[in-house]
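Residue numbers (this note's numbering), protein chains in the order written: chain C, 1 to 292; chain F, 293 to 432.
It is possible that part of the hints are untrue.
Unchecked claim - Restricting the straight-line Cα-Cα distance to at most 25 Å, the calculated cross-link-like pairs of lysine-lysine (PhoX-like) are:
1. C/Lys67 to C/Lys94
2. C/Lys283 to C/Lys141
3. C/Lys67 to C/Lys2
4. C/Lys212 to C/Lys147
5. C/Lys212 to F/Lys329
6. C/Lys94 to F/Lys315
7. C/Lys160 to F/Lys320
8. C/Lys141 to C/Lys28
9. C/Lys147 to C/Lys283
10. C/Lys94 to F/Lys320
11. C/Lys178 to C/Lys134
12. C/Lys178 to C/Lys147
13. C/Lys69 to C/Lys104
14. F/Lys315 to C/Lys160
15. C/Lys140 to C/Lys178
16. C/Lys160 to C/Lys94
17. F/Lys329 to C/Lys160
18. C/Lys283 to C/Lys28
19. F/Lys315 to F/Lys380
20. F/Lys380 to C/Lys160
21. C/Lys94 to F/Lys380
22. C/Lys2 to C/Lys138
23. C/Lys104 to C/Lys94
24. C/Lys104 to C/Lys67
Hints in this document: simulated from the structure, not taken from any laboratory.
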Amino acid sequence: MKLIYYPGCTLKNHARNFDVSTVSSMAKLDVEVEELDRWNCCGTVHALGATNVMNRIAPVTNLVRVKEKQASEVMTTCAMCYNTLKRANLDVQKRAAALDSINKFMYLDDVDYHGDVAVHHLLEYLRDRIGFDKLAAKVKKPLAGLKVACYYGCLLVRPKEVAFDDVENPTVMEDLVKALGGTPVPFAQKTECCGAYHTVNNAEIVADRTNKIMSGAAEQQADLAMVSCPLCAFNLDFKQPDARRLNPELQPMPVLYFTQLMALAFGCDEESLRFDLHHVDPKPALAARGLI
Amino acid sequence: MAITTARISSAQLKSAFVARVQKNADQKLLACYQCGKCSAGCPMAPHMDILPNQIIRLAQLGMHERLLASSAIWTCVSCMTCNVRCPKNVHIAEVIESVRDLAMRSGRRHEHLDIAEVPAETRAALPPIAMISAMRKLTS
Chain C
1 MKLIYYPGCT LKNHARNFDV STVSSMAKLD VEVEELDRWN CCGTVHALGA TNVMNRIAPV
61 TNLVRVKEKQ ASEVMTTCAM CYNTLKRANL DVQKRAAALD SINKFMYLDD VDYHGDVAVH
121 HLLEYLRDRI GFDKLAAKVK KPLAGLKVAC YYGCLLVRPK EVAFDDVENP TVMEDLVKAL
181 GGTPVPFAQK TECCGAYHTV NNAEIVADRT NKIMSGAAEQ QADLAMVSCP LCAFNLDFKQ
241 PDARRLNPEL QPMPVLYFTQ LMALAFGCDE ESLRFDLHHV DPKPALAARG LI
Chain F
293 MAITTARISS AQLKSAFVAR VQKNADQKLL ACYQCGKCSA GCPMAPHMDI LPNQIIRLAQ
353 LGMHERLLAS SAIWTCVSCM TCNVRCPKNV HIAEVIESVR DLAMRSGRRH EHLDIAEVPA
413 ETRAALPPIA MISAMRKLTS
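Only chain F is shown next, with the shape it has when bound in the complex:
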């Protein structure tokens, strides 16, 4: 089995993508030491393809293609459980939203939610609080 060694250094953090994530989230990615507490408490974790601590790791490594391709960045619902439990005070939800913002601005997945595709019957039953919050988080 081939062994791959990945090294994290400030070089990755200087990539344009990672610098933008850090700036928009106002977070220092290297503060995370991968304890996994964010993923342990995440109510959305069972529905994610990669876990919150893995999102931070990919960001630390500057692996933006993998990050932007993950569905987990759209599954996070900003409940802030990770943020209040992080022993290093990393605001994980802010990092994830930062990645979402960049995805929506990249043109690759401009709008994650197309309201027109939601069945009319579902739309009619939804309270405005649901529609507005979904559009604010999932569309540019």
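This is chain C alone, in the form it adopts within the complex:
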């Protein structure tokens, strides 16, 4: 059976590199992914109000679309989509009245929702369903010598109910890098917030966060930072010039999605990497390690 894949909005424009590298690398792992039909925005952020129903409709609609495919699980790569879909699912599983309201609101859909779709992040799927040993066997070009700062941000590990790894010291990304033949570096800032949507109207907050996080990666002599969220990627990559105004010693460091490193190690073609969509060009750092 095909694995239903929910890409999310940003993977279809600013983060096309995340989308194409996901599909290409999964093909190398012999997993056929199928993009969910008629998917809509997940809502991007989980509304925290205990009485909120309206903001659950967008994520739950996507889970209904999964059921329409006669599937019982969905995979996503974006940390924000994962977090929002998973938390909405957990919320409606606990609040029968809210779920009933949503089903009534969505009376035009043939399928009712009962909280019965499992939401997986791709990192979790790789670790638990494919296994890093099997994944390592598919590596054609080991990332030998490449030092990677694994950045989880907030949404893969918080809150506890959605975390698929240790909330304070997750290691799934490091384990992936090792399986690809690379070297993860210790990274104290790996679960610290990047400033998220403050990038819209509070640029100074994001500059401060980007400086602290990327300085932490630089202190460990990382060649690049690896992420799983298009908003983290935007802040940590495109906002490096703002961070450099706070700290002139901060050197440019590329920020890549974990799926791009997989695609590179699996020998996927250049179109699967889309390095043209980065602010800091990843090619010099990868060329210095003989990887491109």
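Fit chain F to the supplied structure of chain C, relying on the hints for placement.
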């Protein structure tokens, strides 16, 4: 120097504002004993006018004018670091969002973010994930 003694009792929690905060956040404010761990780990704390533990204290005291006037309630970005570290399992982020919700519904600061005021050049460069999340958290 004048000394002010503030007492916290269930009387404050019965004020309409505090009752709404507790209901919307589904939290019991008196569970917090002010250890400060939330503020110690908060990545936004350097940018806040009052700290997360102080937000909870003001809510416990029913000081809603001070709370609604703080910029910190808008600085919190729901990263959940406080929530996972709280020894009393208080969901601080939920309390803060609850206060934000009430502020946006009060008419006083109906929309905290006016997208039209964001320079066109900035808007054009932003990924949708940034715009949508900001609007979902900062507008009613």
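Hints, verified against the model:
This hinted pair checks out: C/Lys67 and C/Lys94 have alpha carbons roughly 19 Å apart, not beyond 25 Å. The hinted pair formed by C/Lys283 and C/Lys141 meets the criterion: a straight-line CA distance of about 15 Å does not exceed 25 Å. Of the supplied pair hints, the one linking C/Lys67 and C/Lys2 holds, its CA atoms being roughly 13 Å apart against a limit of 25 Å. The hinted pair formed by C/Lys212 and C/Lys147 meets the criterion: a straight-line CA distance of about 19 Å does not exceed 25 Å.
As the CA atoms of C/Lys212 and F/Lys329 are separated by approximately 20 Å, the hinted pair is consistent with the 25 Å bound. Straight-line distance between C-alpha atoms of C/Lys94 and F/Lys315 comes to about 16 Å, which keeps the hinted pair within the 25 Å bound. Only pairs whose Cα atoms come within 25 Å are accepted, and C/Lys160 paired with F/Lys320 is accepted, the gap being roughly 19 Å. Taking the CA atoms of C/Lys141 and C/Lys28, the gap is about 13 Å. The hint holds against a cut of 25 Å.
Distance check on the hinted pair: C/Lys147 and C/Lys283 sit about 14 Å apart at the alpha-carbon level, within 25 Å; holds. With a CA separation close to 19 Å, the supplied pair C/Lys94 and F/Lys320 stays within the 25 Å bound. As the CA atoms of C/Lys178 and C/Lys134 are separated by approximately 13 Å, the hinted pair is consistent with the 25 Å bound. Distance hint between C/Lys178 and C/Lys147 is fulfilled; the C-alpha atoms sit about 10 Å from each other, no more than 25 Å.
At most 25 Å may separate the alpha-carbon atoms for a hinted pair to count; C/Lys69 and C/Lys104 meet this at roughly 21 Å. With a CA separation close to 22 Å, the supplied pair F/Lys315 and C/Lys160 stays within the 25 Å bound. Only pairs whose Cα atoms come within 25 Å are accepted, and C/Lys140 paired with C/Lys178 is accepted, the gap being roughly 14 Å. Between the alpha carbons of C/Lys160 and C/Lys94 the distance comes to roughly 16 Å, so the proposed pair stays at or under 25 Å and holds.
For a cut-off of 25 Å, the pair hint linking F/Lys329 to C/Lys160 stands: about 17 Å separates their Cα positions. A distance of roughly 22 Å separates the Cα atoms of C/Lys283 and C/Lys28; the hinted pair therefore holds under the 25 Å criterion. For the given pair, F/Lys315 sits about 18 Å from F/Lys380 by alpha-carbon distance, which is consistent with the 25 Å threshold. Restraint check for F/Lys380 and C/Lys160: satisfied, since their Cα atoms lie roughly 14 Å apart, inside the 25 Å limit.
Under the criterion of a C-alpha separation no larger than 25 Å, the hint pairing C/Lys94 with F/Lys380 is consistent with the structure, at around 22 Å. Restraint check for C/Lys2 and C/Lys138: satisfied, since their Cα atoms lie roughly 20 Å apart, inside the 25 Å limit. For the proposed pair C/Lys104 and C/Lys94, the alpha carbon gap of about 17 Å is at most 25 Å, so the pair holds. Using a Cα cut-off of 25 Å, the hinted pair C/Lys104 and C/Lys67 holds, with the two alpha carbons roughly 17 Å apart.
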